[in-house]
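Colleague: The listed protein sequences derive, respectively, from chains A and B.
Numbering follows this note's numbering, with no gaps: position 235 of the first sequence is 235.
Numbering follows this note's numbering, with no gaps: position 76 of the second sequence is 76.
No lab work stands behind these hints: they were computed from the structure.
Examples of chain B residues toward chain A, derived with CB under 7 Å:
#, residue
1, Ser9
2, Ala10
3, Leu189
4, His191
5, Ser192
6, Tyr194
7, Arg196
8, Val197
9, Gln203
10, Arg207
11, Ala209
12, His210
13, Leu211
14, Gly212
15, Asn214
Positions of the beta carbon are idealized from the N, C-alpha and C atoms, including for glycine.
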Amino acid sequence: MALIEVSGVHVRFGDRVVLESIDLTVPEGEFHGLMGPNGAGKTTFFNVLTGRVKPSRGSIRFDGEDVTGLSSHRIAAKGVARSFQIMTLFDEFSARENVMVGLPGFRARGFDMRHAAAGDRGFAEKASEILVTVGLADKGDTRAKDLSYGDRRALEIAVALGQGPRVLCLDEPTSGLGSDGVQRLATLVGRLKGKLTIVAIEHDMEFLFSLADRISVIHWGQVVARGAPHELQQNEWVKRSNLGRFA
Amino acid sequence: MIPAPQSDSARLITPTMLVLGLVLATVPLWIARVGLYPYLGIEILIWSLYALAFNLVLGTAGLPSFGHGAYFGIGAYAFGLCQFNVVANLWACLAAAFAVAGLAGALVALFISHRRGIYYAFMTIAFGQIFWTVAIKSHKVTGGEDGLLKIARLPADFGFASFDLAGNVAFYYFVLIVFGIAVIALWRLVHSPYGRVIAAIKQSETRAAHLGYNVWLYKASIFVLSAAVSGFAGGLFAMAQLAAFPDVMSLHQSGYVVMMTLVGGGLVSFWGPVIGVFLFLIARDVIGAMTNAWMLYFGLLFIAVVLFRPEGVAGAIMAAWQNRSLNSMRQQGGTALRLLFGGGRWR
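This is chain A alone, in the form it adopts within the complex:
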């Protein structure tokens, strides 16, 4: 059984159709890329997947369970984590605390008002371990807003990883990065491949074609092509937009 099963999802904002009949099946452990031009509806699709936007029609199943229309915090609690294209961090918190707040153990104690959060070393240690995996080992005490742009991109992923998710949704993880930064993120995400189910929106085709098992091309709110990277190279749409040149 596939981990994510999206079928017939429509999203309308007023009289504007943003997504139309989107189907997507992602087996556990797959790295699934989403590409397409700006305004195609990729981020909206992520918002549907993670509960920010309720679809007008269609259903989303996660691990066999219908999660259509559930709020984001419920979907997150089921093991769907996401990063944001427009960075969404707790800017006044240290990098470590950003990760800490996302730990499921911390969330379980979210209504604990009687103990000091800093009194539990376990949270800090776990968060530090995760910072090591994204290359922020020595930045734990730095406030998120004082980190460099590339480090903030890495922290975006660290926070999502801290949730111990089964599915990781990455919304343009390399957005705004230079080639060194993209390389760093590619290495980082490459290490996660296979360990987690990953759905990634990405404009950097080299990044996507080298990592993804399958790719869906979204245009005008519809999936216009889907397949393994080498198959997509033959696709008319991809050829015409000259997107497959790196594959």
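Got chain A sorted already, so can you dock chain B onto it with the hints?
Modeller: Chain B alone, transformed into the frame defined by chain A:
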């Protein structure tokens, strides 16, 4: 004087609390000699508790509540009405003040917790005005504009011993002890996992929701807690004044606690609201003795703080004492201020 949050956040009682407690314990010994009066000490403590409770919403959660006087006032009325109609017991009446104000807060929280920023501000004002109008109009219950008079300072009965609180000095020490316990509880609250989640939600509701937190429930709960503690302070205030008046529920009184908190530096420091209350009430008495227009000067100070010194007095003190950069405190205060009014991004 103001410790770094990192080092003290895990402590139950911090050095600052001890020093402050010791200083406050000596107040009745010298306050008359510096030209002030013991009652002012009581007022400062009660307003400090109120401002600390208010800052749970404003500073910790980043939610602009501009009708908080309602809960302070409801607590005062609840204390008086409990005393007259239910039981004339100090603990029961203080519990009533806490519970009734919390209930009123819960009612309002139902309607506002999906909002933030300016929408939140307006709705809190609207609800505050509703409660104020009700207090003025229901003559039979609240005594209308005359207020609820002849509220007694009930004795503190511990079973084995009972303390008379009728005198200002005895009452001062009672309020000081209660204040001390409340400060310890609030300090622990803002540094608990719950408090950190609230602080996280202030910075990004979107991220918090996608981390699995029920943002609405957290925002509603902190508002209820804040209203309840404000009401508790209101109960003490009814004892201090020997009456409960609708005036404390009015918009301008609700504005005072905002001014105190922002001027003191509640956006960057736990102690900001307390500093603000000290400044405000002492300015009221000292400048007020010279000119009726004392609010003009405090208002100018308020404008200057919001425009140029969003870190408030506490931010400046923290920068001086802890070798922290004033600029970074200022940025933090500025960001918090922008978050307060520029919100509404989520949903």
